[in-house]
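Peer 1: Here the protein sequences come in this chain order: A and B. Quick note on numbering: the first sequence equals residues 1 to 374 in the UniProt record's numbering. Quick note on numbering: the second sequence equals residues 1 to 374 in the UniProt record's numbering.
What the hints contain is simulated information worked out from the structure, not anything from laboratory work. Note that the coordinates shown come from a computational prediction; the quantities given were computed from them, not determined experimentally. Idealized CB from N, CA, C, for every residue including glycine. One or more of the hints may lead you astray.
[As the list claims (entries may be wrong)] What follows is a list of derived Cβ distance ranges for each label pair: (1) A:207 - B:302: 23 to 33 Å; (2) A:140 - B:120: 44 to 54 Å; (3) A:366 - B:113: 40 to 50 Å.
[Said to hold, decoys possible] Below, a list of computed lysine-lysine pairs in the DSBU-like style, where the Cα atoms sit at most 35 Å apart: (4) B:94 - A:49; (5) B:329 - A:114; (6) B:88 - A:329; (7) B:142 - A:329; (8) A:128 - A:114; (9) B:49 - A:329; (10) A:329 - B:176; (11) B:114 - A:94; (12) B:135 - A:329; (13) B:135 - A:49; (14) A:176 - B:329.
[As the list claims (entries may be wrong)] Computed footprint of chain A on chain B; a stretch qualifies when at least three of its residues, placed anywhere within it, have a C-beta under 8 Å from a C-beta of chain A: (15) 41 to 48; (16) 52 to 64; (17) 71 to 78; (18) 130 to 138; (19) 205 to 212; (20) 247 to 256.
2 protein chains.
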Amino acid sequence: MRMCILALAASAAIPAASAQHAVPTPPAATDGKAGSEPFAAQQAAANSKPGPRQRPAETIPVPVEGVSPAAQALIAAPFPPHFNADPKSAAEWKDLIERRAALIRAALPAMQEKMAVTVQPAVIGGVKAYIVTPKSMPEANKNRLLVHVHGGGYVFAPGEAALPEALMIAGFGGFKVICVDYRMPPDFPYPAAMDDAMAVWKAAVTMADPKNMAILGTSTGGAMTLAMIHRAKQEGLPLPAAIAPGTPWSDIADTGDTYKSNEWVDNILVTWDGWLGRAARLYAAGHDLKDPQLSPIYGDFSGFPPAILTSGTRDLFLSNTVRTHRALKRAGVAADLNVYEGQSHAQYMGNIDAPETREAFTDIARFFDAHLGR
Amino acid sequence: MRMCILALAASAAIPAASAQHAVPTPPAATDGKAGSEPFAAQQAAANSKPGPRQRPAETIPVPVEGVSPAAQALIAAPFPPHFNADPKSAAEWKDLIERRAALIRAALPAMQEKMAVTVQPAVIGGVKAYIVTPKSMPEANKNRLLVHVHGGGYVFAPGEAALPEALMIAGFGGFKVICVDYRMPPDFPYPAAMDDAMAVWKAAVTMADPKNMAILGTSTGGAMTLAMIHRAKQEGLPLPAAIAPGTPWSDIADTGDTYKSNEWVDNILVTWDGWLGRAARLYAAGHDLKDPQLSPIYGDFSGFPPAILTSGTRDLFLSNTVRTHRALKRAGVAADLNVYEGQSHAQYMGNIDAPETREAFTDIARFFDAHLGR
Chain A
1 MRMCILALAA
11 SAAIPAASAQ
21 HAVPTPPAAT
31 DGKAGSEPFA
41 AQQAAANSKP
51 GPRQRPAETI
61 PVPVEGVSPA
71 AQALIAAPFP
81 PHFNADPKSA
91 AEWKDLIERR
101 AALIRAALPA
111 MQEKMAVTVQ
121 PAVIGGVKAY
131 IVTPKSMPEA
141 NKNRLLVHVH
151 GGGYVFAPGE
161 AALPEALMIA
171 GFGGFKVICV
181 DYRMPPDFPY
191 PAAMDDAMAV
201 WKAAVTMADP
211 KNMAILGTST
221 GGAMTLAMIH
231 RAKQEGLPLP
241 AAIAPGTPWS
251 DIADTGDTYK
261 SNEWVDNILV
271 TWDGWLGRAA
281 RLYAAGHDLK
291 DPQLSPIYGD
301 FSGFPPAILT
311 SGTRDLFLSN
321 TVRTHRALKR
331 AGVAADLNVY
341 EGQSHAQYMG
351 NIDAPETREA
361 FTDIARFFDA
371 HLGR
Chain B
1 MRMCILALAA
11 SAAIPAASAQ
21 HAVPTPPAAT
31 DGKAGSEPFA
41 AQQAAANSKP
51 GPRQRPAETI
61 PVPVEGVSPA
71 AQALIAAPFP
81 PHFNADPKSA
91 AEWKDLIERR
101 AALIRAALPA
111 MQEKMAVTVQ
121 PAVIGGVKAY
131 IVTPKSMPEA
141 NKNRLLVHVH
151 GGGYVFAPGE
161 AALPEALMIA
171 GFGGFKVICV
181 DYRMPPDFPY
191 PAAMDDAMAV
201 WKAAVTMADP
211 KNMAILGTST
221 GGAMTLAMIH
231 RAKQEGLPLP
241 AAIAPGTPWS
251 DIADTGDTYK
261 SNEWVDNILV
271 TWDGWLGRAA
281 RLYAAGHDLK
291 DPQLSPIYGD
301 FSGFPPAILT
311 SGTRDLFLSN
321 TVRTHRALKR
331 AGVAADLNVY
341 EGQSHAQYMG
351 NIDAPETREA
361 FTDIARFFDA
371 HLGR
C-alpha cells in the first residue's frame with residue numbers, strides 16, 4: 001500500500017481518463033454557501049471514487065489584490081466573438097484571419113509610438129520579416145539580436161499583425177528584433193511555418209553571434225521557439241543563448257490538465273474545441289499531433305538554452321507552460337517560470353499600457369541580459 | 001479607449017467582484033462536445049458582460065503526460081473525509097486533530113527509514129521541537145542548519161505529526177533540520193504559533209551562522225516562513241540566506257483567484273468554506289485577517305532572502321503562491337516558482353515514493369545549496 005500523508009483516501013486504482021465534459025449528475029441549485037452541508041455532501045458524493053474530478057458550476061469573481069486595474073479589465077472581459085468559429089473553407093478561414101488581423105493593424109501605430117521603435121519590412125533567408133529597432137538602445141544590446149515568432153494558432157496574425165510582441169520586447173527591453181512573417185494555413189500547412197522560421201534562424205546567425213541572440217514567442221510562437229531548438233539541435237545549427245517561450249502551445253492536442261480545469265474560465269482561448277482545435281488540425285494536415293515538431297513537449301530538452309516562461313492562473317495553456325517548465329528542469333536546463341494572478345492566455349501582452357505587460361517584458365529582458373553575451 | 005490586442009471585447013467597466021457560487025442559469029445537459037454550438041453559445045451568453053466568470057460544470061480527467069503513476073494516484077483520489085468538518089467546540093477540534101495526527105504518526109517510521117535520518121526531541125528557545133539529522137551528510141552541509149515550520153491550517157499536525165516535510169528535506173537534501181512543534185488552536189490562537197517560531201529562530205541563529213541557514217515550510221508553514229521574515233525584519237533579527245515557502249497560505253482569507261477557480265478541483269483542501277476557513281477564524285481569534293502576520297502577502301517583501309516556491313495547477317493556493325512569487329519579484333527578490341501538472345495542494349509532498357516528491361525537494365535542496373554559505 002502506498003504511503004500517503006495528505007491525501008488519506010488515495011487509491012492505487014485509477015480509472016482510464018475520461019474526456020467527457022458534462023457532469024453525470026449536475027449539482028442542484030445551492031444556497032450560495034459552498035461549505036453548506038448539502039452542497040458539499042453532493043460534491044463529495046460526485047467525487048467519491050478515484051478518477052476524474054467532477055467540478056460543479058461556479059462564479060469566479062474578478063481578482064483585485066495584486067492585479068492592476070488594466071489587467072482586471074482584461075480578466076473581466078467576455079469571451080471573444082470568434083472563440084467557437086468553425087470556418088468551412090479556405091475562404092472562410094481567410095475572412096476570419098483578415099478580420100482579426102485588421103483589428104491588430106489598427107492598433108499598431110500607437111503601439112509603435114509608445115514603444116519608440118522603427119519597423120522595416122525585410123526578406124531574410126528568403127522569408128518575409130520585419131526588423132524592429134529601438135530608437136534608443138542600451139550599449140549592452142548593440143551586438144545583440146532577437147528572433148521573434150508570433151502567435152495565433154498557426155493561422156492568425158499574418159503580415160504586420162505579427163508585430164505586437166516584437167514591438168514590446170524591442171521597446172521594453174531595448175533590443176533589435178527580427179519578426180518572422182512565416183507562411184500559414186489554410187494555404188501553407190505544416191511544415192511551412194517551421195521551414196520559414198528555420199530559414200530566418202539560419203540567416204540570422206550570420207548577422208550576429210548566436211551567443212548574443214535569443215528566440216522568443218508567445219502561444220504558437222512559444223511552441224515554434226521550442227520546436228526551432230529541437231530542429232536546430234537535429235540539424236547541428238547554432239543555438240541561441242536564451243529563449244522566452246511564453247505560454248507555449250507545447251501540446252497541440254488537448255492533452256494537459258488545464259485544457260479542462262481552465263476550460264470556460266480562460267476568456268481568450270476559452271476551449272480547445274473551438275477555433276483552436278480546428279486550427280491545430282488544419283495546421284497538422286494529417287501529421288501526428290504528438291510529433292515533437294508540432295507538439296514540442298514530446299521532444300528531448302537536453303542541451304536547451306536557458307528559458308523564461310510566462311502564464312496566468314486562468315490560462316488554458318497553464319499546463320502546457322508548466323509541463324514545458326518541468327521538462328526543461330528535468331533535462332537540467334535553467335528555466336524561470338512566471339504565472340500572473342487571474343490572467344488568461346497571453347494576457348501579459350493583452351494591453352501594452354498594463355503594468356503587468358511592462359513587468360513581463362522587463363523580466364524577459366533581464367533574463368536575456370543575464371544570459372546573452374555582448 | 002484602451003488598446004487591447006488579444007481580448008478584443010475588453011471593457012473598462014468592471015462590476016464589483018461577486019462571491020456567489022452558483023451560476024444564475026446553470027447550463028443544460030450537453031451532447032458532451034464542449035465546442036458544440038448550443039453549449040458554446042450558452043456559455044458565451046453567460047459571459048457576455050464584463051465581470052465575474054460563469055463556469056459550467058465539468059469533468060476533468062486525471063492527467064497522464066508528464067505525471068508519474070504515483071502522482072496520478074494522488075490526483076485521482078476522492079476528497080478527504082474531513083474537508084467540510086465543522087467542529088463545534090474545542091473538544092471536537094481536538095478530536096479531529098488527534099485523528100488526523102494519528103494517521104501521520106503511523107506513517108512516520110517507514111518515512112524515517114526511507115529518508116535515513118534520526119529524530120531527537122528537543123526544547124529550543126523554550127519551545128518544543130525535533131532535531132532531524134541525516135545519517136549521511138554532504139561535507140558542504142556540515143555547518144548548515146534549516147528551520148522547518150509545519151503545515152496544517154494552524155490546527156493540524158501537532159507533536160511528531162509535524163515531521164514529514166522535515167524528514168523529506170533532511171533526507172533528500174542531506175540537511176540538519178530543526179522542526180518546530182509550535183502551539184496551536186483551539187488552546188493557543190494567534191500569536192502563539194508565531195511567538196514559538198520566532199523563539200526558535202532566535203535560538204537557532206546562535207547554533208549556526210544565519211548565512212548558512214534557511215527556513216522552510218508548506219501551506220501554513222509557508223505562510224509562517226514569510227511572516228517570520230516580516231517579523232525578523234521588524235525586530236532587527238538576522239535573516240536566513242534562503243527560504244522555501246511551499247504553496248504558502250499567504251492570504252488567510254479567501255482572497256485570490258484560485259480559491260474559486262480551483263474550488264472543488266483541489267482534492268486536498270477542496271474549498272476555503274470547509275474546515276480551512278473555520279481554522280483561519282479560530283487561529284485569528286478576532287485579529288484582522290489582512291494583518292501581515294496572519295496574511296503575509298500584505299507585508300513588505302523588500303530585503304527578503306531568495307525564495308523557492310512550489311505549487312500545482314489544481315492547487316487551491318496556486319494564487320497564494322503566484323501572488324507571493326510576484327510580490328517577491330516586484331520587491332527585487334530572487335524567487336523561483338515551480339508548478340506541478342495536475343497537483344492539488346501540497347501534493348508534491350503527498351507521497352514520499354513519488355518521483356515528483358524527490359524532484360521538488362531536490363530542487364529546494366539545490367536552491368539552498370546555491371544560496372547558503374558553508
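Peer 1: Run the distance test for residue 135 (chain B) versus residue 49 (chain A): straight-line Cα separation, threshold 35 Å.
Peer 2: violated, 40 Å
Peer 1: Taken at face value, is the distance from the CA of residue 49 (chain A) to the CA of residue 94 (chain B) at most 35 Å?
Peer 2: holds, 28 Å
Peer 1: CA of residue 49 (chain B) to CA of residue 329 (chain A), is that 35 Å or under?
Peer 2: violated, 40 Å
Peer 1: Evaluate the given range 23 to 33 Å for the C-beta pair formed by residue 207 (chain A) and residue 302 (chain B).
Peer 2: violated, 41 Å
Peer 1: Below or equal to 35 Å on CA atoms is what counts here, so check residue 135 (chain B) against residue 329 (chain A).
Peer 2: Between residue 135 (chain B) and residue 329 (chain A) the Cα gap is close to 28 Å, so the pair holds against 35 Å.
Peer 1: Counting residues of the segment 52 to 64 of chain B whose CB is closer than 8 Å to a CB in chain A, do you get three or more?
Peer 2: holds (count 13)
Peer 1: How does the coverage statement for the segment 205 to 212 of chain B fare against chain A, requiring three or more residues with Cβ below 8 Å from a Cβ of that chain?
Peer 2: violated (count 0)
Peer 1: Can you take a look at whether the segment 247 to 256 of chain B is actually covered by chain A? Rule is 3+ residues, C-beta closer than 8 Å.
Peer 2: n = 3 at 8 Å, threshold three: holds.
Peer 1: If you draw a straight line from the CA of residue 128 (chain A) to the CA of residue 114 (chain A), is it 35 Å or shorter?
Peer 2: holds, 25 Å
Peer 1: Assuming the hint says 44 to 54 Å, is it satisfied by the Cβ distance from residue 140 (chain A) to residue 120 (chain B) or not?
Peer 2: holds, 53 Å
Peer 1: Between residue 176 (chain A) and residue 329 (chain B), does the CA-CA distance stay at or below 35 Å?
Peer 2: holds, 26 Å
Peer 1: Tell me if the straight-line CA distance from residue 88 (chain B) to residue 329 (chain A) falls inside 35 Å.
Peer 2: violated, 46 Å
Going down the numbered hints, you'll see the structure goes against 1, 6, 9, 11, 13, 18, 19, while the others check out.
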